[in-house]
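Please arrange chain B on chain A, whose structure you already have, making use of the hints.
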Amino acid sequence: DQQVKQNSPSLSVQEGRISILNCDYTNSMFDYFLWYKKYPAEGPTFLISISSIKDKNEDGRFTVFLNKSAKHLSLHIVPSQPGDSAVYFCAAHERNTPLVFGKGTRLSVIA
Amino acid sequence: DTEVTQTPKHLVMGMTNKKSLKCEQHMGHRAMYWYKQKAKKPPELMFVYSYEKLSINESVPSRFSPECPNSSLLNLHLHALQPEDSALYLCASSRQTSYSRSNQPQHFGDGTRLSIL
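Sequence order for the protein chains is A and B. Residue numbers for the first sequence, in the working numbering: 1 to 111. Residue numbers for the second sequence, in the working numbering: 1001 to 1117.
Excised from the complex, chain B in its bound form:
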């Protein structure tokens, strides 16, 4: 069982739709991440939130809009997506982003499989 919960597990949407992906963790982690993963490729970082503030945006198109309402929740708002945006969207969390000498791995959810028609 994963400690990072993502909903929905699957989402099919048209290019004009607006939808949101949700991620929740209750491990007290203060860093949360969105990744995009295409088939047979490694996860690609999209956004990093540290203490509820956006700290990294990896040049992601504005049709993806992240939001961190509190330390346990992370949303990804989707609008006017393109077919090439179809992918597995993974959320992850870690104790913090400072990557100190201690062991601070990122823990991933099971992802939302997104299909754009």
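Excised from the complex, chain A in its bound form:
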């Protein structure tokens, strides 16, 4: 049973436009959500997070939105750059339990 779902395996966006990556979860006890970016031959790199007491967190070009009622999380990247091309993993956990990862979405930013 997948608790964290990334239903789009891939996404292509033109350089300069907005990239929106989506994530849905089923466990209403999750209280901390993270996005990781992964390049080939490297480990996942922490990008941005949000706790369940917030609905938005922004860091530069990256914004994460949390809709608790819909159990939905999204990552907005604007403007998108070719260097953003990577696999993006959504992850979540509830207190004192391990991280649960989604299957990832491959973002391709086309110049």
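Hints are computed from structural coordinates only; laboratory data are not their basis. A portion of the hints provided could be inaccurate.
Claimed, not checked - Okay, derived cross-link-like pairs now, DSS-like style, lysine-lysine, Cα gap no bigger than 30 Å in a straight line:
| # | chain 1 | residue 1 | chain 2 | residue 2 |
| --- | --- | --- | --- | --- |
| 1 | B | Lys-1022 | A | Lys-68 |
| 2 | A | Lys-5 | B | Lys-1019 |
| 3 | B | Lys-1038 | B | Lys-1009 |
| 4 | A | Lys-5 | B | Lys-1038 |
| 5 | B | Lys-1036 | A | Lys-103 |
| 6 | B | Lys-1036 | A | Lys-71 |
| 7 | A | Lys-103 | B | Lys-1022 |
| 8 | A | Lys-71 | B | Lys-1038 |
| 9 | B | Lys-1041 | A | Lys-5 |
| 10 | A | Lys-103 | B | Lys-1009 |
| 11 | A | Lys-103 | B | Lys-1041 |
| 12 | B | Lys-1041 | A | Lys-68 |
| 13 | A | Lys-103 | A | Lys-5 |
| 14 | A | Lys-71 | B | Lys-1022 |
| 15 | B | Lys-1040 | A | Lys-103 |
| 16 | B | Lys-1040 | A | Lys-68 |
| 17 | B | Lys-1009 | A | Lys-71 |
| 18 | A | Lys-54 | B | Lys-1041 |
| 19 | B | Lys-1041 | A | Lys-56 |
| 20 | A | Lys-56 | B | Lys-1009 |
| 21 | A | Lys-5 | B | Lys-1018 |
Then chain B, alone, in the frame of chain A:
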């Protein structure tokens, strides 16, 4: 540059070999993790160490044996592995495992790409 260092980057071993994967962090983190990642799949948790003690073992076969000699080091000893154990092995660390209200993301190393012949 990652603050979690894993060695070696690549390892090829036979099914009868014994080898070890090493992980080091100097961020003062007290929680360390081993994950296994197969191609096009998310990382799967194997072990969690908290304050140098094993706190979670996700039903990992005994041919994988973790060790935490001190708060900065985490090893994964491998013996009699099977071809299906070929994967990317990722180490991660975080300030602690209590996942308190503060922001405590896990930081990953670049992994060891393991191939079992």
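Evaluation of the provided hints:
no.	hint	in the structure
1	Lys-1022/B <-> Lys-68/A	violated, 39 Å
2	Lys-5/A <-> Lys-1019/B	violated, 35 Å
3	Lys-1038/B <-> Lys-1009/B	holds, 16 Å
4	Lys-5/A <-> Lys-1038/B	holds, 18 Å
5	Lys-1036/B <-> Lys-103/A	holds, 14 Å
6	Lys-1036/B <-> Lys-71/A	holds, 27 Å
7	Lys-103/A <-> Lys-1022/B	holds, 26 Å
8	Lys-71/A <-> Lys-1038/B	holds, 27 Å
9	Lys-1041/B <-> Lys-5/A	holds, 12 Å
10	Lys-103/A <-> Lys-1009/B	holds, 23 Å
11	Lys-103/A <-> Lys-1041/B	holds, 6 Å
12	Lys-1041/B <-> Lys-68/A	holds, 26 Å
13	Lys-103/A <-> Lys-5/A	holds, 7 Å
14	Lys-71/A <-> Lys-1022/B	violated, 38 Å
15	Lys-1040/B <-> Lys-103/A	holds, 8 Å
16	Lys-1040/B <-> Lys-68/A	holds, 28 Å
17	Lys-1009/B <-> Lys-71/A	violated, 38 Å
18	Lys-54/A <-> Lys-1041/B	holds, 29 Å
19	Lys-1041/B <-> Lys-56/A	holds, 28 Å
20	Lys-56/A <-> Lys-1009/B	violated, 37 Å
21	Lys-5/A <-> Lys-1018/B	violated, 37 Å
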